Amino acid sequence: MWPTHRSAAARREGRAVSAVAGEGHTLQTHTESDPRPDRDEAAGDTPGAAPADAVAAPAGSLDYPNNSDDSPAETVHELAASAPVRPDSPTFRALGVRDETVQALANVGIEHAFAIQQDAIPIALRGSDVIGQAPTGTGKTLGFGVPILQRIVGPAEGADGRPQALVVLPTRELGLQVARDIETAGKLRGIRVLPVYGGRAYEPQIEALATGVDVVVGTPGRLLDLAKSKHLVFTGIKILVLDEADRMLDLGFQEDIEKLVKMLPTKRQTMLFSATMPDPIVALSRNYLHRPITIHATHTAETGPNPLTEQYVYRTHSLNKAEVVARILQARGRGLTMVFCRTKRAAQKLADDLDFRGYAAAAVHGDLGQGAREQALRAFRTGKIDVLVATDVAARGLDVTGVTHVINYDCPEDPDTYTHRIGRTGRAGAHGVAVTFVDWEDLPRWKLIHKALGAGVADPPETYHTSEHLYADLDIPAGAPGTLAPEQRTRAGLAAEEEEDIEPHRRPAAGRRRSAGGARRGRGRGERPDAPARTDGPGHRAEPAAEATGGRRRRRRRLDDGTVAERAADTGTPAEPAGPADTATTAEGGSAARRNRRRRRRPAQARGGNADPSIDPGTD
Numbered sequence: 001m002w003p004t005h006r007s008a009a010a011r012r013e014g015r016a017v018s019a020v021a022g023e024g025h026t027l028q029t030h031t032e033s034d035p036r037p038d039r040d041e042a043a044g045d046t047p048g049a050a051p052a053d054a055v056a057a058p059a060g061s062l063d064y065p066n067n068s069d070d071s072p073a074e075t076v077h078e079l080a081a082s083a084p085v086r087p088d089s090p091t092f093r094a095l096g097v098r099d100e101t102v103q104a105l106a107n108v109g110i111e112h113a114f115a116i117q118q119d120a121i122p123i124a125l126r127g128s129d130v131i132g133q134a135p136t137g138t139g140k141t142l143g144f145g146v147p148i149l150q151r152i153v154g155p156a157e158g159a160d161g162r163p164q165a166l167v168v169l170p171t172r173e174l175g176l177q178v179a180r181d182i183e184t185a186g187k188l189r190g191i192r193v194l195p196v197y198g199g200r201a202y203e204p205q206i207e208a209l210a211t212g213v214d215v216v217v218g219t220p221g222r223l224l225d226l227a228k229s230k231h232l233v234f235t236g237i238k239i240l241v242l243d244e245a246d247r248m249l250d251l252g253f254q255e256d257i258e259k260l261v262k263m264l265p266t267k268r269q270t271m272l273f274s275a276t277m278p279d280p281i282v283a284l285s286r287n288y289l290h291r292p293i294t295i296h297a298t299h300t301a302e303t304g305p306n307p308l309t310e311q312y313v314y315r316t317h318s319l320n321k322a323e324v325v326a327r328i329l330q331a332r333g334r335g336l337t338m339v340f341c342r343t344k345r346a347a348q349k350l351a352d353d354l355d356f357r358g359y360a361a362a363a364v365h366g367d368l369g370q371g372a373r374e375q376a377l378r379a380f381r382t383g384k385i386d387v388l389v390a391t392d393v394a395a396r397g398l399d400v401t402g403v404t405h406v407i408n409y410d411c412p413e414d415p416d417t418y419t420h421r422i423g424r425t426g427r428a429g430a431h432g433v434a435v436t437f438v439d440w441e442d443l444p445r446w447k448l449i450h451k452a453l454g455a456g457v458a459d460p461p462e463t464y465h466t467s468e469h470l471y472a473d474l475d476i477p478a479g480a481p482g483t484l485a486p487e488q489r490t491r492a493g494l495a496a497e498e499e500e501d502i503e504p505h506r507r508p509a510a511g512r513r514r515s516a517g518g519a520r521r522g523r524g525r526g527e528r529p530d531a532p533a534r535t536d537g538p539g540h541r542a543e544p545a546a547e548a549t550g551g552r553r554r555r556r557r558r559l560d561d562g563t564v565a566e567r568a569a570d571t572g573t574p575a576e577p578a579g580p581a582d583t584a585t586t587a588e589g590g591s592a593a594r595r596n597r598r599r600r601r602r603p604a605q606a607r608g609g610n611a612d613p614s615i616d617p618g619t620d
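In full-length UniProt numbering, the protein residues as written are 1 to 620.
Accuracy of the hints is not assured; some may be wrong.
Claimed, not checked - Simulated crosslink set (DSSO-like; lysine-lysine; CA at most 30 Å straight-line):
hint, residue 1, residue 2
1, 228, 262
2, 384, 187
3, 267, 238
4, 267, 187
5, 228, 259
As the list claims (entries may be wrong) - Restraint ranges, calculated between C-beta atoms of paired labels, are given here:
hint, residue 1, residue 2, range
6, 235, 258, 35 to 45 Å
7, 202, 451, 27 to 37 Å
8, 91, 440, 50 to 60 Å
9, 440, 210, 55 to 65 Å
Simulated from the structure, these hints should not be mistaken for laboratory data.
As the structure is a computational prediction, the values presented were derived from the model and not from experiment.
C-beta atoms are modelled at their ideal positions from N, C-alpha and C, and glycine is treated no differently.
Work out the full structure, taking the sequences as your base and the hints as a guide.
Structure (structure tokens):
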């Protein structure tokens, strides 16, 4: 943690100078043996100069991978641990990218390649398999998106409507983002990109596939469903991308991934991107990638978070965390903020609390419907809300511009989770602030994270919302209250973002409350405004219809004398009982009201026992 005697502005200025002064711009390359067990080439482990074509590959080549046995061994490129855009970064045109893609990127202000793009694009353009070890925020989406656009043909160029590229990733939110980025880069060619994921109706996705698409981006489960039902055909796939591969394995998608890969043509290019390289990822690359070229971005989970992110760690009490968050959100210069919680219930509770305090906040977690989750993410991206409280479902893959602060409301489980969480800020060369709360019982876990990453301090200072060092560290105005002043509540809020009706025919599971988070209240448990009325069926008794004047339906009950009384459902006032004339009319119709029968106990003598003489036998 930074010394508290320096102001936050001075610290940021000093960090910016040191980052530029210490930035490294050279690529370190070395060769290492092919990890595939069926290879017998003698490739040494000694670092040495990479073949010339491994770095300066002929850009734009559309040949398939060179799988001959005399091809060079796997080449690894190390990227400098600095801002992804180098001062001497080449333009996409200089990398051999086609003019339509270059212009489409320039239209949204992207002209120079990030570090990982500078190395990945030439290698991918020549058709080689690629392993990219890089965290989110380093620009890897265009690192595989641009080669995809280079290799496929568009609708005006003779595309037959079959998917030509497949991107498999772990979450719906990441899928929407990747699909949007590829569609933006291919806009001038009319490239059709379809995001495919669960939680949404099948029909729109099936209709889009029938119409014709060029790139499919989706999660493993829904992709398998569409493939098994023959709506998604893989015969035209030229490129396969496995994005956030380690996250997919963490979520249990390994079997689905293997099934998908076996459905694809064997003659294809495969690219795998992962923030970490555990043993299952290495095994996956051995099975499905041929002589891949690996590119490492150095600030991955193994080597620590982005050095441009300031990290603070505080030992907090669970009952005081919300108060501390309310002060942090008033820090000078704060932009969009993401708060990560360990459980869905904690995320929803905190979002509701912040909303009550006047902050434009919303929650994103697994208990929300897909429409509510997308509504919150759109509102966050467009600035209608500036605080997004999330579980780890949104910790990876989300690329939202302008996130300045990340708060770990609950201590992360492991170093990888910590790195991915705080990777939401300090992206694309920007500076960020990451704050982690460590409760007393979390200290052993935090010490392991600190030992692995060197993040923060091993023994965090005890901190409350009144602690002076909290205000000095994060540049919070002295005396900041626990609520946001009315004149500072300038955000439109979640209600200003319309929620799409994505699942009109699905009900929430019984007993599960689907709350929309933040400023959306007033909907009962499991209610939906579009829920269809229940139709008559076995065991269902039709209720009297409401009067045409708009009155509520009335409840009927029988009195002891057989007459019927009505009670208004809205006022609880009993109506006048039916009079004699009404009773007579009923009798004439042959359907007189039945008199309720009262049963009495039979005497004990009738049952062969001794009866209490005080009990009147009566009659049935």
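Tested hints:
1. 228 x 262: holds (13 Å)
2. 384 x 187: Cα-Cα ~27 Å, so holds.
3. 267 x 238: Holds, at roughly 7 Å.
4. 267 x 187: Holds - the C-alpha atoms of residue 187 and residue 267 are around 27 Å apart, at most 30 Å.
5. 228 x 259: The given pair, whose Cα atoms are some 11 Å apart, holds under the 30 Å limit.
6. 235 x 258: 35 to 45 Å: With Cβ atoms ~19 Å apart, the hint is violated.
7. 202 x 451: 27 to 37 Å: Violated - the Cβ-Cβ distance for residue 202 and residue 451, about 47 Å, lies outside 27 to 37 Å.
8. 91 x 440: 50 to 60 Å: At 53 Å between Cβs, range holds.
9. 440 x 210: 55 to 65 Å: Hint holds: Cβ distance 58 Å, inside 55 to 65 Å.
The structure fails to meet hints 6 and 7 from the earlier list, while all remaining hints are met.
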